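Here the structure of chain E is known, so what remains is to put chains Y and R with the ligands in place on it, guided by the hints.
Residues per chain, in single letters:
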Amino acid sequence: MNVENGVHDAHYFVPAPSRWPIVGSLALFLMALGTAFWINRVPGGNWALLAGTLVLVWMLFGWFGDVIRESQAHSYGLQVDHSFRWGMSWFIFSEVMFFAAFFGALFYTRVISVPELGFFSGTHELLWPGFAADWPAATAPKLDAPYQAMAAVGIPATNTAILLTSGVTLTWAHWGMVENRRTQLKIGLALTVLLGVIFLCLQAYEYHHAWEKMGLTLASGAYGATFYMLTGFHGMHVLVGTIMLATMLVRVLRGHFSTEHHFGFEAAAWYWHFVDVVWLLLFVFVYWL
Amino acid sequence: MRAMRTLAALACSLALRGVAASDSRISFQTPQTLIAQDIVDLHTWIMVIIIVIFVAVFGVMFYAVFRHRKSLGHKARPFHENTTVEVLWTVIPALILAVMAWPAAKVVLAQKDSRGATITIKATGYQWFWGYDYVDYGFGYKSKLATPRKQIDNAQDKDPHYLLEVDEPLVVPVGQKVRILTTSNDVIHSWAMPAFGVKQDAIPGFIRDTWFKAEREGTFRGQCSELCGQDHGFMPIVVKVVSAAKFQDYVSQKQAAAKASADDPNKIWAMADLVARGQKVYEANCQACHQANGMGSGPFPALVNSKIATGPVQGHLSIVLHGKSAMPAWQGLSDTEIAAVITYERNHFNHVGDILQPKDVKLARK
Amino acid sequence: MTASTETLHLQHADHQAHADAHGWRRWLYATNHKDIGTLYLWFSFSMFMLGGTMALGIRAELFQPGLQFWHPEFFNQLTTLHGIIMVFGAIMPAFTGLANWMLPLMLGAPDMAFARMNNWSFWLLPPAAALLVISLFVPGGAPAGGWTLYPPLSIQAGMGMDLAIFAIHLLGLSSIMGSINIVTTVLNMRAPGMTLLKMPMFAWTSLVTAYLLIAVAPVLAGAVTMLLTDRHFGTHFFKAAGGGDPVLFQHIFWFFGHPEVYIMALPAFGIVSQILPTFARKPLFGYVSMVYAVCSIAILSFMVWAHHMFAVGLPATAQLFFMFMTMLIAVPTGVKVFNWIATMWQGEMTFETPMLFAIGFVCLFTVGGFSGLVLSIAPIDIQMTDTYYVVAHFHYVLVAGALFSLFGATYYWLPKWTGQMYNEKLGKLHFWWSMIWFNVTFFPMHFLGLAGMPRRIPDYPLQFTDFNSVASVGAFCFGLGQLLFLYNVINTIRGGAGRAPARPWEGAHTLEWEVASPAPHHTWEMPPDEALVKKGLRAQLLDQDHE
Ligand code: HEA
Ligand code: HEA
Ligand code: CUA
Ligand SMILES: [Cu+2]
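Residue numbers (numbering that gives the first Met the number 0), protein chains in the order written: chain E, 0 to 288; chain Y, 0 to 365; chain R, 0 to 546.
Calculated from the structure, these hints are not laboratory results. Remember, it's a predicted structure, so these values are computed and weren't measured experimentally. Treat the hints with care, as some may be off.
If you only want the chain R side, here are some residues facing chain Y, beta carbon under 8 Å, derived [said to hold, decoys possible]: (1) ALA239; (2) ASP244; (3) MET322; (4) PHE446; (5) SER471.
Non-contacting residues of chain E with respect to chain R, defined by C-beta distances greater than 10 Å in every case (computed) [stated by the list, open to error]: (6) GLU178; (7) ARG181; (8) LEU193; (9) VAL196; (10) GLY214; (11) GLY254; (12) PHE262.
C-beta: ideal position from N, C-alpha, C; glycine also.
Just chain E, same shape as in the assembly (with noise of 0.2 Å):
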């Protein structure tokens, strides 16, 4: 991408007046209007949201299946393909800074609360002398039910493996497309997403484990609360790369993408990637140390 002379299609291509913008918000809308009131026990709320939900889906295949029909119509020229790089790198960017906030969350309340409040400190003696801070096992003063920490091995180890060698096997699949290996592009991109199922499903089970029998819930003092609040946007991020994956294996199989021109499948890589780190940090941060 040279950025100071850059490519120039003699036309743009942009796109004619669409719907689909107006529809995303008015499902956005009724999301956030329908989880207010849900969690606020209004009535209705709960069907605000689904409502919200299904224009959302409705939206979302719209959409896609916009671009999808204009790339397959060779409507992209080079210009709105360095576009589109652009675009997802700063988009990715966004939300490494998403995941910032709550690793700041994980490193403040590690480094700074609770140990002020659970070692010889003003805020100790006088308003929580009896708690002696010690992560993951006892991170807050008051706490309605004592929880076990996660251990790193077993589950979260082997997901370990199983992100990592997804990466492997998406970039096996990634050389399969530039050389034009369409059966090693098939396999490696279906074993990339059937590994990312098994590690949402591991996760899940995780989950279900330490919520039932290790008492560790959102509310288990600082240590539950980054546990799931990290844990839980990475999975949700885990599942939207499964999807993104998901569609380019069907766009493959539909004989889609060609050697120079497969931007889409390169944006859901990228994502898997980027999603592939933060786990790592993660596995570091959350599980390990």
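Just chains Y and R with the ligands now, kept in the frame of chain E:
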């Protein structure tokens, strides 16, 4: 340039010092501690620098605005770069900043040094009043707005210290280093005393500290300085600085009073007495949120016909002792007070319920 | 009109066949950057009226001591909504709207890089605004914890807070998508020959602003998400009993919040850097150093956040660090001020309305910057924080800064947008009226703050009465003056003071002036040829290489 500097300095000191001494409407209140004085001096120094820069920079700009205009036939000279001036106006401001930063850093360090205090007082923010505990002397009290409601509603003429009057001020001795520990029972408040150069947020669940050493006797006034809900504007802070001897008297008097009014947690109370006592506790602590009529307001639930206030007493006791989301934990109240307020809530508001004795509260705390 | 514009105009004529929607579909389904820009600008102005009306509610209550009009809780709702609506509803969308309208024109691009997503960025704003307005009518009322939403106060609040949280999610989504669009447009859609160091300053400031937004909007989203789970799902991020800390929220919020204030300042710098050279008939002085200054301000803005938290009890080392870093921002900002003045120096100035607003901006923004500098000195800030001194400071940078630059931009580009000239007399009246009443409103607040009047209070001790009354009178007069602006704009759309040429300003040399006025619906469908670009650059003395 020299003349300008003197002029600016003059203007500043006129505006900032002269007026400050007589009147606190246009500038800082008269400083009562060395730190507050340092702050005023720092401010004057920085204002001098700023005004000089402002006059110089905008002198140039307005010269151009008045002379280099088309209507006077001035022709544009299209220069557009000059590395020398660019470097100059990067480096010079940086140096000026250093001249400001140095004295400022010294004040920061002095202000933060709360070691060696002779008296420690814990100031707790409540919605919407302050509680003071003399940690070394074992007594404490609440300090609430004393301005009559009628004045606020414009139904009565306002006193000179409108909104700055409390029922019981904080009393401290002159010339001694007083350390204030701030914390809060509910949301963030801020303990501010402008004349002392002190402002320290009170964070629920944490202790923060600040200090002052008042140089003169007198009564000084401040206001809560962090948005804390609807009556944020109505929780003033009043400090009475008295001589060391007067302070000693004050302390012994308070200690005696505390002893006299101390409740025996094993006493068995009669219903009517406990309800009467409970009403006082309720008015002092609970009414702000749950309202006098017990109907609550906004996010604060009604106690009238509440499942908890009419259900098993253990649940009632538990929510008062331990709190729940926005409901604070009332561990700080004595066993008697808690027993009283709960009995009051269960036998007032048209409720007919049981009685809770202080010893049961004591048991439940364990 | 120059010959090249003539030909361009012809070119476009035969492209009108392009599938354009009409009627309401034109606006709801819009993919045209000009239509979307127009939507943004009108939305922003309505939010300004709404937020301004709330400000008048605040000022009415504060006209006299005692409670006059509102219950204190509602007063706090007014303050909170005023802050949120002005920041997220009025100022930020206005800058995005301008970027939408002008960037493709200035850079020689046919549209924004992602035209469909552009529409979504805009159409997320009205639902967000609707959520905020709905919050006024739910049990417990609108959020009343200040625009900074500090817990635990915001955890206590009723469901209005949840609506505000979701509104912030939508606003954040909108900002992120809008910013990705701006970044991509600037990086990938420039005309041949227009390298990064040759593009207009407004493009630069928009680019850097967009970066700031992409970096901090997700952080704010994270912060309010934690607030939401603390409120409803039992987490303890901001509750000491569970090992969290209310101050954590403040750190995260201001990590967003401080860059946010430059998000509202940098585009203003860009606008002023377009207007001043035009009316001084001289190229912008120190173009490259301006670019570096903008970048340094952006980078520094990530390292100063705790200057909003000097009173929470940070350790001395932290106070010193944040104090020094904050003071340092005066250097690049000073560079900008000096460059602007050097641009005017030896110029051939005329003082049409945009120029007046730009000069007003430079003066008053500096006043606001200086009060910011005073606040950056930690001990002084401890005295001043949460008083009206802070209120004075940020209205100088936001109203006389951001808002004035927006007025200037509107007058500057109105001929391009509408094809008509605005009424110059009314414009000047609007400027002088605003200038005077703005200062009457906000200057006295410095004194109130020095004397210790806390902010966010509906009632105050008697010694603050006089200045509050003055400020209230000023606010109503200032507000009234904005009707002049509205009238002038509508009047211009309806014909105004006659047809505007393609280049109504003698000294304007950027690409947008090469297309007809009003700008045709589709412009630069073919990239402008290099000669045309070079011509404009030469006029701005940007044709040599900057290394
Ligand atoms: C457009 C928005 C904007 C801008 C540009 C700024 C710019 C600055 N701000 Fe401001 N600020 C706000 C919006 C803004 N601020 C808001 C909204 C709040 C309150 C939020 C809330 O609590 O609700 C706030 C609050 C705020 C505080 C916290 C106050 C408190 O709550 O206690 C501080 C403290 O340091 C501060 C400092 C500064 C500084 C140092 C600058 C600097 O960038 C200014 C630099 C400019 C100059 C200095 C002038 C020009 C320079 C020269 C002519 C060069 C020569 C000068 C010298 C060498 C001295 N600001
Ligand atoms: C971003 C931009 C922005 C803008 C443009 C403004 C504009 C104004 N602001 Fe605001 N303000 C903030 C951002 C802004 N503000 C923020 C962030 C806060 C902090 C909030 C908090 O504490 O949480 C704040 C807080 C704030 C306070 C402190 C409140 C408190 O602490 O309790 C006050 C008090 O005077 C105030 C006043 C005003 C006034 C009078 C205007 C005027 O400039 C408004 C003028 C506009 C109009 C009046 C509307 C247009 C005209 C009409 C509708 C026509 C009708 C008019 C008449 C009939 C007269 N603002
Ligand atoms: Cu307590 Cu404000
Ligand atoms: Cu800041």
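Against the structure, the hints come out as follows:
1. ALA239: Hint holds; R:ALA239 Cβ to chain Y Cβ min 2 Å, cut 8 Å.
2. ASP244: holds (7 Å)
3. MET322: For R:MET322, the interface hint holds, since the closest Cβ of chain Y sits about 7 Å away, which is under 8 Å.
4. PHE446: holds (5 Å)
5. SER471: violated (16 Å)
6. GLU178: holds (28 Å)
7. ARG181: holds (30 Å)
8. LEU193: Per Cβ check, E:LEU193 is outside 10 Å of chain R; nearest 30 Å; holds.
9. VAL196: holds (26 Å)
10. GLY214: holds (13 Å)
11. GLY254: Nearest chain R Cβ is 26 Å from E:GLY254, so the label holds.
12. PHE262: holds (13 Å)
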